[in-house]
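Student: Protein chains in written order, with this note's numbering: chain A, 1 to 256; chain B, 1 to 256; chain C, 1 to 315; chain D, 1 to 315.
Among the hints, a few may not be true.
As the list claims (entries may be wrong) - Using C-beta positions, here's what the derived DEER-type ranges look like:
1) A/208 <-> B/94: 52 to 60 Å
2) C/149 <-> D/88: 52 to 60 Å
3) B/90 <-> C/51: 54 to 62 Å
4) D/50 <-> C/149: 45 to 53 Å
5) B/237 <-> D/236: 44 to 52 Å
6) B/108 <-> D/50: 35 to 43 Å
7) D/292 <-> B/82: 45 to 53 Å
8) A/47 <-> C/146: 37 to 45 Å
9) A/238 <-> C/87: 18 to 26 Å
10) B/255 <-> C/293: 34 to 42 Å
11) B/237 <-> D/117: 26 to 34 Å
Derived from the structure by calculation, the hints contain no laboratory data. Each residue gets a CB set at the ideal place from its N, CA and C atoms; glycine is no exception.
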Amino acid sequence: MSVKKKIENLLVTANRRLNSEYFELILQSNESLPGILPGQFAELKVDHTEHTFLRRPISFYDVNTDKSEVHLLIQEVGEGTRRLGQLEAGEFLNMIYPLGHSFTITEGTTFLLVSGGVGIAPMLLLGRKLKEAGKTPVFLFGFRSEKQWFDLSRFEALGEVFITTEDGSIGEKGLVTSHRVMNTGRFDGYYTCGPVPMMKAVSSIAASRDIFCEASLENTMACGIGACLTCAQPTVHGMKMACTDGPVFNTKELLW
Amino acid sequence: MSVKKKIENLLVTANRRLNSEYFELILQSNESLPGILPGQFAELKVDHTEHTFLRRPISFYDVNTDKSEVHLLIQEVGEGTRRLGQLEAGEFLNMIYPLGHSFTITEGTTFLLVSGGVGIAPMLLLGRKLKEAGKTPVFLFGFRSEKQWFDLSRFEALGEVFITTEDGSIGEKGLVTSHRVMNTGRFDGYYTCGPVPMMKAVSSIAASRDIFCEASLENTMACGIGACLTCAQPTVHGMKMACTDGPVFNTKELLW
Amino acid sequence: MVDMQVNIGKLVLKNPVTTASGCFGYGSEYTDFMDISRLGAVFTKAVTGENREGNPAPRMAETPSGMLNSVGLQNKGVDYFIEHIYPVLRQYDTVFIANVSGSTLDEYVEVAGKINDLSGIPAIELNISCPNVKKGGMVFGTNRQSAAEVVKAVRKVYDKTLIIKLSPNVASIPDFAKTAEGAGADAISLINTLLAMAIDAEKRKPVLATVTGGLSGPAVKPVALRMVWEAYHSVSIPVIGIGGISNATDAIEFLLAGATAIQVGTANFIDPQVSVKILEGLKEYMERHHFSSVSQITGNLEMPEGFERFRPKTF
Amino acid sequence: MVDMQVNIGKLVLKNPVTTASGCFGYGSEYTDFMDISRLGAVFTKAVTGENREGNPAPRMAETPSGMLNSVGLQNKGVDYFIEHIYPVLRQYDTVFIANVSGSTLDEYVEVAGKINDLSGIPAIELNISCPNVKKGGMVFGTNRQSAAEVVKAVRKVYDKTLIIKLSPNVASIPDFAKTAEGAGADAISLINTLLAMAIDAEKRKPVLATVTGGLSGPAVKPVALRMVWEAYHSVSIPVIGIGGISNATDAIEFLLAGATAIQVGTANFIDPQVSVKILEGLKEYMERHHFSSVSQITGNLEMPEGFERFRPKTF
Ligand SMILES: Cc1cc2nc3c(=O)[nH]c(=O)nc-3n(C[C@H](O)[C@H](O)[C@H](O)COP(=O)(O)OP(=O)(O)OC[C@H]3O[C@@H](n4cnc5c(N)ncnc54)[C@H](O)[C@@H]3O)c2cc1C
Ligand SMILES: Cc1cc2nc3c(=O)[nH]c(=O)nc-3n(C[C@H](O)[C@H](O)[C@H](O)COP(=O)(O)OP(=O)(O)OC[C@H]3O[C@@H](n4cnc5c(N)ncnc54)[C@H](O)[C@@H]3O)c2cc1C
Ligand SMILES: Cc1cc2nc3c(=O)[nH]c(=O)nc-3n(C[C@H](O)[C@H](O)[C@H](O)COP(=O)(O)O)c2cc1C
Ligand SMILES: Cc1cc2nc3c(=O)[nH]c(=O)nc-3n(C[C@H](O)[C@H](O)[C@H](O)COP(=O)(O)O)c2cc1C
Ligand code: FES
Ligand code: FES
Numbered sequence: 001m002s003v004k005k006k007i008e009n010l011l012v013t014a015n016r017r018l019n020s021e022y023f024e025l026i027l028q029s030n031e032s033l034p035g036i037l038p039g040q041f042a043e044l045k046v047d048h049t050e051h052t053f054l055r056r057p058i059s060f061y062d063v064n065t066d067k068s069e070v071h072l073l074i075q076e077v078g079e080g081t082r083r084l085g086q087l088e089a090g091e092f093l094n095m096i097y098p099l100g101h102s103f104t105i106t107e108g109t110t111f112l113l114v115s116g117g118v119g120i121a122p123m124l125l126l127g128r129k130l131k132e133a134g135k136t137p138v139f140l141f142g143f144r145s146e147k148q149w150f151d152l153s154r155f156e157a158l159g160e161v162f163i164t165t166e167d168g169s170i171g172e173k174g175l176v177t178s179h180r181v182m183n184t185g186r187f188d189g190y191y192t193c194g195p196v197p198m199m200k201a202v203s204s205i206a207a208s209r210d211i212f213c214e215a216s217l218e219n220t221m222a223c224g225i226g227a228c229l230t231c232a233q234p235t236v237h238g239m240k241m242a243c244t245d246g247p248v249f250n251t252k253e254l255l256w
Numbered sequence: 001m002s003v004k005k006k007i008e009n010l011l012v013t014a015n016r017r018l019n020s021e022y023f024e025l026i027l028q029s030n031e032s033l034p035g036i037l038p039g040q041f042a043e044l045k046v047d048h049t050e051h052t053f054l055r056r057p058i059s060f061y062d063v064n065t066d067k068s069e070v071h072l073l074i075q076e077v078g079e080g081t082r083r084l085g086q087l088e089a090g091e092f093l094n095m096i097y098p099l100g101h102s103f104t105i106t107e108g109t110t111f112l113l114v115s116g117g118v119g120i121a122p123m124l125l126l127g128r129k130l131k132e133a134g135k136t137p138v139f140l141f142g143f144r145s146e147k148q149w150f151d152l153s154r155f156e157a158l159g160e161v162f163i164t165t166e167d168g169s170i171g172e173k174g175l176v177t178s179h180r181v182m183n184t185g186r187f188d189g190y191y192t193c194g195p196v197p198m199m200k201a202v203s204s205i206a207a208s209r210d211i212f213c214e215a216s217l218e219n220t221m222a223c224g225i226g227a228c229l230t231c232a233q234p235t236v237h238g239m240k241m242a243c244t245d246g247p248v249f250n251t252k253e254l255l256w
Numbered sequence: 001m002v003d004m005q006v007n008i009g010k011l012v013l014k015n016p017v018t019t020a021s022g023c024f025g026y027g028s029e030y031t032d033f034m035d036i037s038r039l040g041a042v043f044t045k046a047v048t049g050e051n052r053e054g055n056p057a058p059r060m061a062e063t064p065s066g067m068l069n070s071v072g073l074q075n076k077g078v079d080y081f082i083e084h085i086y087p088v089l090r091q092y093d094t095v096f097i098a099n100v101s102g103s104t105l106d107e108y109v110e111v112a113g114k115i116n117d118l119s120g121i122p123a124i125e126l127n128i129s130c131p132n133v134k135k136g137g138m139v140f141g142t143n144r145q146s147a148a149e150v151v152k153a154v155r156k157v158y159d160k161t162l163i164i165k166l167s168p169n170v171a172s173i174p175d176f177a178k179t180a181e182g183a184g185a186d187a188i189s190l191i192n193t194l195l196a197m198a199i200d201a202e203k204r205k206p207v208l209a210t211v212t213g214g215l216s217g218p219a220v221k222p223v224a225l226r227m228v229w230e231a232y233h234s235v236s237i238p239v240i241g242i243g244g245i246s247n248a249t250d251a252i253e254f255l256l257a258g259a260t261a262i263q264v265g266t267a268n269f270i271d272p273q274v275s276v277k278i279l280e281g282l283k284e285y286m287e288r289h290h291f292s293s294v295s296q297i298t299g300n301l302e303m304p305e306g307f308e309r310f311r312p313k314t315f
Numbered sequence: 001m002v003d004m005q006v007n008i009g010k011l012v013l014k015n016p017v018t019t020a021s022g023c024f025g026y027g028s029e030y031t032d033f034m035d036i037s038r039l040g041a042v043f044t045k046a047v048t049g050e051n052r053e054g055n056p057a058p059r060m061a062e063t064p065s066g067m068l069n070s071v072g073l074q075n076k077g078v079d080y081f082i083e084h085i086y087p088v089l090r091q092y093d094t095v096f097i098a099n100v101s102g103s104t105l106d107e108y109v110e111v112a113g114k115i116n117d118l119s120g121i122p123a124i125e126l127n128i129s130c131p132n133v134k135k136g137g138m139v140f141g142t143n144r145q146s147a148a149e150v151v152k153a154v155r156k157v158y159d160k161t162l163i164i165k166l167s168p169n170v171a172s173i174p175d176f177a178k179t180a181e182g183a184g185a186d187a188i189s190l191i192n193t194l195l196a197m198a199i200d201a202e203k204r205k206p207v208l209a210t211v212t213g214g215l216s217g218p219a220v221k222p223v224a225l226r227m228v229w230e231a232y233h234s235v236s237i238p239v240i241g242i243g244g245i246s247n248a249t250d251a252i253e254f255l256l257a258g259a260t261a262i263q264v265g266t267a268n269f270i271d272p273q274v275s276v277k278i279l280e281g282l283k284e285y286m287e288r289h290h291f292s293s294v295s296q297i298t299g300n301l302e303m304p305e306g307f308e309r310f311r312p313k314t315f
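Next up, chain A with everything else stripped away, as it sits in the complex:
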């Protein structure tokens, strides 16, 4: 049973710069929020410019049901995200949501949530849902450098947090997959989001340990609602759509 998708103008209540690349956008609905699950995303309308035409898909970072607020964590990579970064409190943002197939809460007790860069975005909501389900989330975040780091206390409130940076400027130096916590047998499964090579590496480790693993993909998308068939993802069950069958897939399914 899927929640009805909405198209709505949400009020920007805050836009916080987290570091030189990331910002956190807080948007408020004047209705009660539909149920939003970890790993789901929204399609945001950005200005039509020389370089932007389609909507931009962005995961839910956090949800505050009482305040009818959603939080998005966004990295500036191009014109679309740059414009989103310029939004100011009081402006409105048109958004289609909630979209996509979420992470699965499965059997087992301890899970490692592995992200690279802004792939951290869906992990907060996921960590919270895991905790609510009585599980133990452990976070492992890879950043390029300290420059991508920001205050992680919201994650720390939910579980242990480990960090790696490629340049060693903070946390362990190296890639997430070489972090010692990945070499322990304490996890019943992995959840991962970030660059494809990283997710593939995490998925291989999961396969070698024969444990559960889900990855959230970032295929380019035109519609976000299953209508255009452009976000195709090859799987062992044939071609799937990242926007409706995903963006979260069990890595066993993926042909990538």
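Following the hints, position chains B, C and D with the ligands against chain A.
Tutor: Chains B, C and D with the ligands only, in chain A's frame:
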């Protein structure tokens, strides 16, 4: 001898709303201004949007050489002028200027400057130049209604001002061409800017009186500098370019 | 009250605003956002003889005021369509028109023949213009003889309203419009996408896995408008206008150029409610301009004096 | 230091960044904004046999990420060009390439022959693709036999570098590219504008006095890129890429698709300094990607695995 054209980012020092349709944009150069003549225009860069791609040609309304400031009087008619209307003090606007062939200061002493709607824009600078040249400018402005009217004291400082509105909400009711001042023989020539039917009517009256008449045209333009040949204006001397041969033409020349 | 009804072959549509194939799924993807029964019709995504996986990923590239796609007719085949999708479509009070595609003449005939038996599908749109498949598709749409053959063959097995969707990747639209009409089409629709390409300069690779794809969106509107105008003056069957339509003004431009109805494609991705907004804008325009029937707009374009002395003759 | 030099036929250009015909006047319109001798070349506006008034006004319409023009080859004719314009061009340290247009085969031959005698013009671009004139222009560019005839005839009287400018308004670019090569062209340039149309819905009139015009600007870039890529793989003479190039990334995409040089057209209207900015961006890219010579970029595109299994064969 033509002044060198510049492409420059000018500082918006003020953007004043004059009425529900018109605004006055004041822009400052950090260099000394090139010589700007009445009837000349600038090509303004507007954001690339769904509906705007090319620059927008706008006449000079006023020039303050001491402050290196230019004033533009703009009517919101579409997306481009709407965006210009949203510019705020402190922002920059890219502009190519000064462009085009100006009004001619000719023999005679008393001249009627006839405009319709935002065609009023080039008349202030023209009135001032005429006055400086020892002539007597008289202004006749046609507006659709009171809604297009704004404080005309800068014109009043230069000469008599007559107004007509189509609905009679201010000034004489009717078109400029039916205004009594047009039926007097006191003028040595007319200058006109506004809707083509109005300018044609003014030009016919000038012809019937055998007096001087210049009109400023608003042909659509792509480049504004004589390179694209899209702003063509048929004349008795063949096809002319409104951006370089005009926008001001002697109405005797025009085939319109 | 303005009369919005339009006729296309035997088909009567309650209004001229429809959605384009491949850009509106099977309609159900949009029911959360609008009442799809307000549309004149929904053109479904392509149906082929057999299940097709479509093309490899990536299949999409964003371009200035447009996008490229290389979906490649992904669908589960006509039998699956009849068994599983058709029953769902029947639940809506909406006219569904099946977009029929294929690689061979026989495949087109097979699919059209099977859909002919579905009482709830009153028309098909024969897609002889897909630029994204190796065989068939555009091959039929860019060769007059093949186009004539496939239309004739389908006409034999299909007795409801037959719409032929033309490719813009040709030198002369009138040639193909006339070919379709001569071969028995009840209407033509155009344009399908323009064959195009995107490159990632940093990676030094084409963006699409298929290298080339089809361009759609506002970028193509001026080309589409010209082709619809040419087609309208070349044939006497109705023309359905497609290409970059994103608001009511765009839709009206196509009607003025000669379209009897229009399809909204890519614009649905940016605003899933755009088709009903277009419908409302069209009504508002008709009232403002005192048109009592939408058919009064079709081809109602005042021509500049003596324009034929200057432009190249294209029809 | 990166080597920016490129060869086109007998012609050596100091860099691959040039400006497109009809979009840069005779160069002098831009000297207030930039040093035009920094450009690889300037393609002049069209030169025809006799004085031409061009088309009636309006000649311009703005479109999403693009524009239509219907200038119609306005110019004062080849004799005026030789007497009054050529002497001015000679004063610049810039390579000028004359864009030669006509209505008849004889006119092309006459103009080319006369320009052959000008020592300061090392190449011509034969415009067989203008969509904006009733006779000639696109007619030659959309019919292979006429195209071959006019190229052969001009080749006989013109012994410097002969560039043929192709029309995008055809079904197969490779056919025309090969035709030009076979008939003796030293290089081909593409694309000219796409035949298109704009309508004013409120006035219910076409925007252009000629009804149709040529679409240019970023909107056409994906189509142009595809055509340049097809042309590159069809012939062994150099290809000059044109169509919507507005920044260095766009230019690099065309080089990667197979262009030896590029022309900047419509973008000059928005930023008169864009061509030198492109030149600088290209140098920066070459340094970042460790290219020592710009020729290393041409056609240097990594192809996705097995793409030929999916896309329709276009060359
Ligand atoms: C389901 C989903 C959820 C996402 N969640 C988030 C999120 O929570 N926070 C966040 O910052 N980003 C997220 N992304 C990625 C985000 O959508 C893109 O970064 C954004 O669309 C880029 O837009 P732009 O205009 O800024 O950049 P563009 O100018 O479009 O692109 C700039 C660069 O980014 C690359 N790029 C563009 N789109 C994508 C994409 N979808 N995936 C990978 N690379 C891309 C381009 O190739 C280019 O190199 C998500 C993507 C998907 C599909
Ligand atoms: C030399 C010159 C000087 C000008 N000076 C001024 C000035 O001082 N103040 C001022 O407000 N305007 C002036 N204009 C007109 C101004 O350029 C247009 O109103 C503006 O470009 C419209 O842009 P837009 O994006 O707002 O509207 P668009 O969306 O481009 O057009 C909106 C409506 O305005 C019409 N329109 C667009 N361009 C023109 C044009 N050039 N002439 C007539 N109608 C047009 C369109 O057909 C459409 O109906 C001048 C034009 C020229 C050529
Ligand atoms: C993602 C996508 C998928 C499409 N799939 C089909 C298709 O299956 N069959 C078809 O005839 N046209 C297909 N088209 C073409 C559209 O129906 C339409 O002709 C084209 O996109 C131009 O209209 P637009 O600019 O409004 O999108 C597709 C277009 C897009 C963007
Ligand atoms: C206003 C204008 C005038 C043009 N005149 C000519 C011309 O005289 N001869 C020619 O071969 N091409 C002419 N062109 C086509 C351009 O040279 C170029 O091929 C086309 O505009 C595509 O490039 P762009 O998108 O960068 O503008 C003209 C284009 C424009 C916009
Ligand atoms: S983005 Fe359209 S189907 Fe997934
Ligand atoms: S606007 Fe380009 S020549 Fe006048």
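Student: Against the range 52 to 60 Å, how does the distance between the Cβ atoms of residue 149 of chain C and residue 88 of chain D compare: consistent or not?
Tutor: For residue 88 of chain D against residue 149 of chain C, whose Cβ atoms are near 58 Å apart, the range 52 to 60 Å holds.
Student: Could one say that the CB atoms of residue 208 of chain A and residue 94 of chain B fall in the range 52 to 60 Å?
Tutor: 57 Å, holds
Student: For the hint 44 to 52 Å, verify it against the beta carbon of residue 237 of chain B and that of residue 236 of chain D.
Tutor: For residue 237 of chain B and residue 236 of chain D the Cβ distance comes to about 49 Å; the hint holds.
Student: Using the Cβ atoms, figure out if residue 108 of chain B sits within 35 to 43 Å of residue 50 of chain D.
Tutor: 41 Å, holds
Student: With 37 to 45 Å as the target window, see if residue 47 of chain A and residue 146 of chain C comply at their CB atoms.
Tutor: 44 Å, holds
Student: Can the suggested window of 45 to 53 Å be confirmed for the beta-carbon pair residue 50 of chain D and residue 149 of chain C?
Tutor: 47 Å, holds
Student: Could you tell me whether the CB distance from residue 292 of chain D to residue 82 of chain B stays inside 45 to 53 Å?
Tutor: 49 Å, holds
Student: Given the hint of 18 to 26 Å, check if residue 238 of chain A and residue 87 of chain C actually sit that far apart at their C-beta atoms.
Tutor: Between residue 238 of chain A and residue 87 of chain C, where Cβ atoms are some 22 Å apart, the hint holds.
Student: Within 34 to 42 Å or not, the Cβ separation of residue 255 of chain B and residue 293 of chain C?
Tutor: 40 Å, holds
Student: Given the hint of 26 to 34 Å, check if residue 237 of chain B and residue 117 of chain D actually sit that far apart at their C-beta atoms.
Tutor: 31 Å, holds
Student: Taking the CB of residue 90 of chain B and the CB of residue 51 of chain C, does the distance hold inside 54 to 62 Å?
Tutor: 60 Å, holds
In this structure, none of the earlier numbered hints is contradicted; all agree with it.
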